[in-house]
Every structure is written in C-alpha cells, then in structure tokens.
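Here the protein sequences line up with chains A and B, keeping their order.
Counting in the numbering used here, the first sequence tops out at residue 333, every number present.
Counting in the numbering used here, the second sequence tops out at residue 333, every number present.
Errors might be hidden in some of the hints.
Identical chains share a label here; the pair holds if one copy fits it or two copies do between them.
To be verified - Only pairs whose alpha carbons sit at most 20 Å apart, straight line, appear in this in silico EDC-like list of lysine to aspartate or glutamate:
id	residue 1	residue 2
1	Lys56	Glu295
2	Lys292	Asp231
3	Lys7	Glu110
4	Lys303	Asp32
In case anyone wonders, no lab produced these hints; they're calculated from the structure.
The residues making up each chain are set out below.
There are 2 protein chains.
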Amino acid sequence: MRKARIKPAVKESPLFWPVKLAENGRCLRVLDESLIPRKLRYIEVRSLPEAVRVIKQMKTRAFGQFLVVLNTFLLVLANAKTRSPQALLSKIRTAAGRLNHSRPTFPFAEVTAIVVAWAQAAAAQKADVAASVSKNIDGYLQGIRGRRLQRVQKIAEVLRDGDSVLTHCNVSGELAMAAAICRQQGKDLHFFATETRPYMQGAKLTCWELQRMGAQVTLIADNAVGSLMADGLVNKVVVGSDRSCANGDFANKIGTYQIAVLAEEFGIPFYVLTQPSHKIKTGDDIPIEIRKAKELLVFSGKKIVSGPVGGFYPGFDVVPHRLITEAIAIDVR
Amino acid sequence: MRKARIKPAVKESPLFWPVKLAENGRCLRVLDESLIPRKLRYIEVRSLPEAVRVIKQMKTRAFGQFLVVLNTFLLVLANAKTRSPQALLSKIRTAAGRLNHSRPTFPFAEVTAIVVAWAQAAAAQKADVAASVSKNIDGYLQGIRGRRLQRVQKIAEVLRDGDSVLTHCNVSGELAMAAAICRQQGKDLHFFATETRPYMQGAKLTCWELQRMGAQVTLIADNAVGSLMADGLVNKVVVGSDRSCANGDFANKIGTYQIAVLAEEFGIPFYVLTQPSHKIKTGDDIPIEIRKAKELLVFSGKKIVSGPVGGFYPGFDVVPHRLITEAIAIDVR
Chain A
1 MRKARIKPAV KESPLFWPVK LAENGRCLRV LDESLIPRKL RYIEVRSLPE
51 AVRVIKQMKT RAFGQFLVVL NTFLLVLANA KTRSPQALLS KIRTAAGRLN
101 HSRPTFPFAE VTAIVVAWAQ AAAAQKADVA ASVSKNIDGY LQGIRGRRLQ
151 RVQKIAEVLR DGDSVLTHCN VSGELAMAAA ICRQQGKDLH FFATETRPYM
201 QGAKLTCWEL QRMGAQVTLI ADNAVGSLMA DGLVNKVVVG SDRSCANGDF
251 ANKIGTYQIA VLAEEFGIPF YVLTQPSHKI KTGDDIPIEI RKAKELLVFS
301 GKKIVSGPVG GFYPGFDVVP HRLITEAIAI DVR
Chain B
1 MRKARIKPAV KESPLFWPVK LAENGRCLRV LDESLIPRKL RYIEVRSLPE
51 AVRVIKQMKT RAFGQFLVVL NTFLLVLANA KTRSPQALLS KIRTAAGRLN
101 HSRPTFPFAE VTAIVVAWAQ AAAAQKADVA ASVSKNIDGY LQGIRGRRLQ
151 RVQKIAEVLR DGDSVLTHCN VSGELAMAAA ICRQQGKDLH FFATETRPYM
201 QGAKLTCWEL QRMGAQVTLI ADNAVGSLMA DGLVNKVVVG SDRSCANGDF
251 ANKIGTYQIA VLAEEFGIPF YVLTQPSHKI KTGDDIPIEI RKAKELLVFS
301 GKKIVSGPVG GFYPGFDVVP HRLITEAIAI DVR
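Given the sequences, and given the hints that come with them, work out the whole structure.
Structure, rendered in structure tokens:
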C-alpha cells in the first residue's frame with residue numbers, strides 16, 4: 001500500500017465506494033444500485049463472467065463499474081490455480097479483453113491496459129505476478145480514494161451558504177458527502193435532483209443519498225429544468241462525468257448536455273466533476289452507447305406504449321467544454 | 001346549428017374530440033385518457049360535481065377539459081327541473097363558478113363567461129334559456145370543430161416530405177390526423193415523441209395515436225432532446241398550447257419551454273398550435289398551476305423515492321414569443 005487509508009470527514013455514502021473485496025480476495029461485494037432506495041444489498045461476485053454480468057446489467061454504474069473492473073483482476077489472481085508468471089499474465093490479458101468489451105463509452109481499456117502492463121513487467125522479471133499486480137491495484141485504488149475525498153472537499157468549497165444546487169443522475173457519493181460537510185460548516189443548502197429517466201438514478205440514488213446525509217432535496221422531472229431556471233430557483237449546477245477529454249469536453253448521462261445549454265442561457269454556473277483522460281482529444285472521439293429501446297419502453301415491468309412504437313435511448317451525451325464554468329478535477333492515474 | 005358539420009379528410013383520432021353528448025344531453029361520455037394506451041374507455045358524467053371531478057383528476061386534459069366545461073352546461077340544462085329563465089340563469093352561474101375553480105392555468109373563466117352572457121341575454125328577453133343556450137353552445141362547438149379541422153390541414157402543409165418532427169405532450173389528435181393527411185399525400189415523415197413525465201402523455205397518448213394513424217413514431221426520454229438535436233435527428237418541432245397571449249407568448253405542458261430554448265440553440269423551426277386570447281397580455285399574466293408532489297413521487301403505484309424527499313411539479317411553463325418560428329393559430333371564439 002503506497003498511501004495510508006484516508007478517512008472521510010463525514011460518514012461515507014454507500015455509493016462513494018460501492019465495491020468491497022471480501023473472503024481474502026475471492027469475492028467482490030458489489031452494491032446492487034438497482035435495488036436502492038428499497039433495499040441496501042450487495043451482490044457477491046466470484047468470477048470473471050459474473051463481473052461482466054453485473055456491469056452489463058447496470059447493477060452498478062460509472063465509478064462502481066470502474067471498481068468492479070479493477071477488483072476483478074484481484075479475483076482472477078486469487079482464484080488462479082497456477083503461480084506461473086506467463087500463465088497469470090495470460091489470465092490477466094483474458095480478463096482485460098472480456099472487461100473491455102463489457103460496455104462501450106467507458107474507459108475500461110485504459111485502466112485494464114495499466115494492469116496488463118504491471119503483469120507484463122512482473123512476468124518479465126520472473127517476479128510473483130499475483131503479489132505484484134495485487135499490490136499495485138491496491139495502491140492505485142487507495143490513491144483514487146484519497147483524491148476523491150479531496151474532490152469532496154473541493155465541492156464543499158464551491159458550495160456557498162444559501163445555494164440552490166441542481167444535479168443530474170448521480171455522482172457516486174461525492175455530492176452527498178460534500179453536502180454533509182457543508183452542513184457541519186453551517187451552510188444552508190437546497191438540492192434539486194432530476195429524475196434521470198429511464199433509470200431514475202436521480203430519484204432513486206441521488207435523492208436517497210442526499211436525504212440520508214441530512215440534506216434537503218427536491219425531485220423534479222427532467223423536463224422541469226428550464227422552468228426551474230427561468231423562475232430563479234437554482235443558482236448552481238453540479239454534475240459528474242463518465243468520461244472527460246483533453247480539451248475539457250466530457251460525456252455524462254443523457255440529459256447533461258441540455259442542462260448545460262440551459263444553464264448557459266440563464267448564466268447559471270455549471271460545475272462538472274472530472275477525471276481527465278489525455279488519451280481522448282475531444283468529445284467527438286467519445287463513442288456513445290445506444291441502449292436497448294426496451295429499457296425506455298418498459299417501466300416498472302409494464303410497457304408504457306402500445307403498438308409499433310420505437311424507442312431511442314442514447315445512454316450518454318457530450319458536453320462541449322465551452323459550456324463548463326469550472327471542472328472540479330482529479331487525475332485517476 | 002350555425003355551421004354544417006365538417007367531416008375530416010382522414011379518420012378521426014379519439015383524442016381529437018374526446019367528449020360526446022349522449023342520452024339526449026343527460027350524459028357526457030368523456031374519453032378516459034388515463035387508461036390509454038391500455039384501454040379505450042369512456043367515463044359517463046351526469047352531474048356538475050362529476051364533471052368537476054374528471055377535470056381535477058385529469059381524466060381528460062386541455063381540449064378535452066374545455067369540451068367538458070362547455071358540455072356540462074348542456075348537462076345542467078337537461079337535468080334542470082325548472083324552465084324559469086331566472087332559475088336557469090342561476091344554475092348556469094353556479095356551474096360557471098364551480099367549473100372556473102376546478103383548475104387554475106386554464107381559460108375556463110373566459111368561456112364560461114360567454115355561456116353566462118348567453119343565458120343572461122335569453123333571460124332578459126324572457127326567452128327559452130335552455131333552448132337558446134343549448135343552440136349557442138352547439139353552434140360554438142361546431143365552429144371550433146371546423147376551425148380545428150382547418151388547423152389540421154395547416155399542420156399538414158407545414159410538414160414536408162422527409163421531415164423528422166419532435167413533439168411534446170399531446171396535441172389532441174391534430175398532429176396525428178395531419179400525419180395521416182401527409183401519408184395520403186405521399187410524404188415520408190418520422191416523429192419523435194418525448195415521454196412527458198410525470199403523466200407520460202407523450203408515451204401513452206401521442207405514440208398511441210400517431211401509430212394508430214399509420215405514422216412512424218419513436219419515443220425518447222425528456223432528457224434526450226438536446227442530444228437528438230445536436231445529432232441532427234430532428235428538423236422541426238410542433239407543440240400545442242394550453243393558453244396563449246396577445247403578444248404571442250404561450251403556456252403549455254412543463255418541458256415545452258426548454259425544448260423551445262434548445263430548438264433556438266440549434267436553429268430548428270419551432271411551431272406551436274395556438275388559440276390566441278386577447279384577454280391575456282403576456283406570459284407573465286398566466287398563473288402556473290403547481291401540482292401535488294405525489295404525482296411526481298409515485299409512479300405506477302410505487303413510490304420512487306425513500307425518506308424525506310420533496311417533489312416540485314409545475315404543471316406548465318411559459319414560452320416567450322421570441323422562441324416561436326410560427327404560430328399555427330385558430331380563434332376559438
């Protein structure tokens with residue numbers, strides 16, 4: 001471990017670090033975000049196919065998927081019946097390939113390439129591949145943890161007494177923990193969360209974690225953003241990013257782009273939490289995942305349309321950097 | 001009857017004229033739009049309180065509510081046990097008061113004032129109030145019917161071969177019937193309908209009636225409008241209006257405003273179907289109905305949030321006239 005574990009200044013939201021390693025690295029406990037707010041339950045993942053499945057089924061999202069990807073290598077190493085450096089390198093490569101293809105739009109290939117490089121270096125030195133890669137992953141994750149906690153502090157600094165903050169989708173614990181810090185500091189804040197159709201992450205996750213942290217939160221439909229802004233009911237926007245580019249463009253959950261356009265129309269400061277990648281030059285280089293129409297056309301088990309009606313559900317959209325007031329950035333590498 | 005009944009050029013969508021008078025004026029058959037697309041069922045309304053209830057419960061919306069208001073006077077007159085001009089005038093006034101207060105944002109007071117004026121004129125002349133008011137209402141409605149059918153033709157003229165048209169909420173049959181006319185004319189069109197949370201009028205009503213009329217329609221989430229426009233997937237927007245002003249501003253279902261802002265950002269022509277009122281000067285004079293949070297927080301019978309989470313649901317928003325490319329107008333008076 002390269003860094004000491006950093007404790008948060010406030011209690012941790014379950015969404016801040018939704019994947020835990022258990023049973024000496026033989027099991028991942030992945031928070032089933034699809035059950036929140038009804039239940040707080042963890043899915044046990046014990047193999048590479050199971051890991052790919054929780055990613056594909058969106059049981060965990062964004063940062064949680066990133067944690068699944070990294071921790072899956074620990075699972076693969078713990079389950080390996082060989083200590084042969086070449087055999088382990090081969091297993092790491094196979095896992096990287098499977099994980100890379102589990103979902104587009106996500107920067108899995110960037111992070112899996114790093115793990116493969118660690119394995120290659122250890123194998124080339126005839127070192128203990130499992131021990132070396134495990135130590136590197138653990139150090140890497142602790143570094144991210146520390147930087148994310150720093151970002152929570154930065155968000156808390158951006159938020160001022162009396163602010164009314166609009167957010168979209170879910171930023172995996174950070175905004176809720178920043179809200180708790182602000183509360184300790186005596187700042188009075190109000191949050192508006194968009195529903196974020198079709199998965200309702202705003203309603204299910206963001207409202208849940210904000211109220212759990214003691215924040216005041218009000219849900220709005222995705223179509224009420226313009227009205228809210230026109231009526232002067234929000235004075236800041238804070239959103240996350242699934243992928244960010246060298247030029248400052250970023251991709252995030254569908255709907256983020258139109259919120260950015262509306263914020264500009266009303267002169268409302270627009271903040272984004274980023275983890276910049278210099279491998280992607282601009283937003284044009286980000287592939288957008290088009291998800292199945294069924295995810296839009298069926299709600300709560302019921303079809304909401306009848307007859308031959310199509311559905312178009314791009315999972316993400318791209319916000320050009322010109323619409324961003326300030327990127328609150330961390331470097332994940 | 002002042003005008004001959006005009007037949008539409010294509011089959012009529014049930015949403016075009018969702019209220020029918022039955023049983024010699026003793027019953028209104030009101031299309032239960034809350035059951036569409038699952039069932040095509042009419043609610044029988046036999047009294048003023050029942051009429052107020054279908055309005056408050058949003059069993060019918062917009063134009064349907066307008067039809068309920070007018071036809072309720074026929075119901076009141078048919079059920080009256082007196083022929084006394086003053087007693088009937090009193091009943092008309094009572095009904096007008098109850099209907100006016102059934103919902104804000106709607107121009108019920110304007111239309112009920114016209115009916116009261118007819119009743120007053122008949123009572124002053126000691127004429128048959130019931131016969132006179134009934135004849136006037138029937139003529140008035142036939143006039144509206146003719147002008148709405150003309151508007152359907154105007155919409156069909158605006159739509160060109162190859163157009164991809166975005167719409168929001170539901171425009172009560174007119175767009176679907178215009179789509180059918182375009183189809184007869186050999187125009188190839190595509191429609192995108194927003195879901196229109198929380199009532200899902202886009203998914204439930206617009207998709208249903210467009211596909212029923214043979215149009216190609218694709219559902220999107222309310223948050224995908226910006227992305228769709230940025231990707232060049234729509235080249236026209238057509239929306240309805242619940243209330244329009246002398247200066248061209250109009251109020252429509254929440255979400256219309258942000259679509260108008262986005263259309264302007266992308267230079268996409270924005271059309272609105274209006275029935276201008278010269279009694280309202282500007283959009284600032286339109287009261288916006290804030291509906292109950294529960295309507296947002298409970299979906300399909302299930303609460304979508306947990307804990308102390310508020311909900312903010314303005315039913316409508318106001319689009320300033322500068323964002324309108326062309327108002328396709330009729331005069332309802």
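With identical chains, the pair Lys7 and Glu110 could be close in the same copy or across copies; at 20 Å between alpha carbons, which is it: within, between, both, or neither?
The answer is neither: 28 Å in one copy and 64 Å across copies each exceed 20 Å.
Measure nothing new, just compare the shortest in-copy and cross-copy C-alpha distances for Lys303 and Asp32 to 20 Å and report within, between, both or neither.
Intra 24 Å, inter 19 Å, cutoff 20 Å: inter-copy only.
Could you figure out if Lys292 and Asp231 sit no more than 20 Å apart (CA to CA) within one copy, between two copies, both or neither?
between (36 Å within a copy, 18 Å between copies)
Intra/inter-copy verdict for Lys56 and Glu295 if alpha-carbon distance must be at most 20 Å:
within (13 Å within a copy, 32 Å between copies)
Hint compliance for this structure: hint 3 alone is broken.
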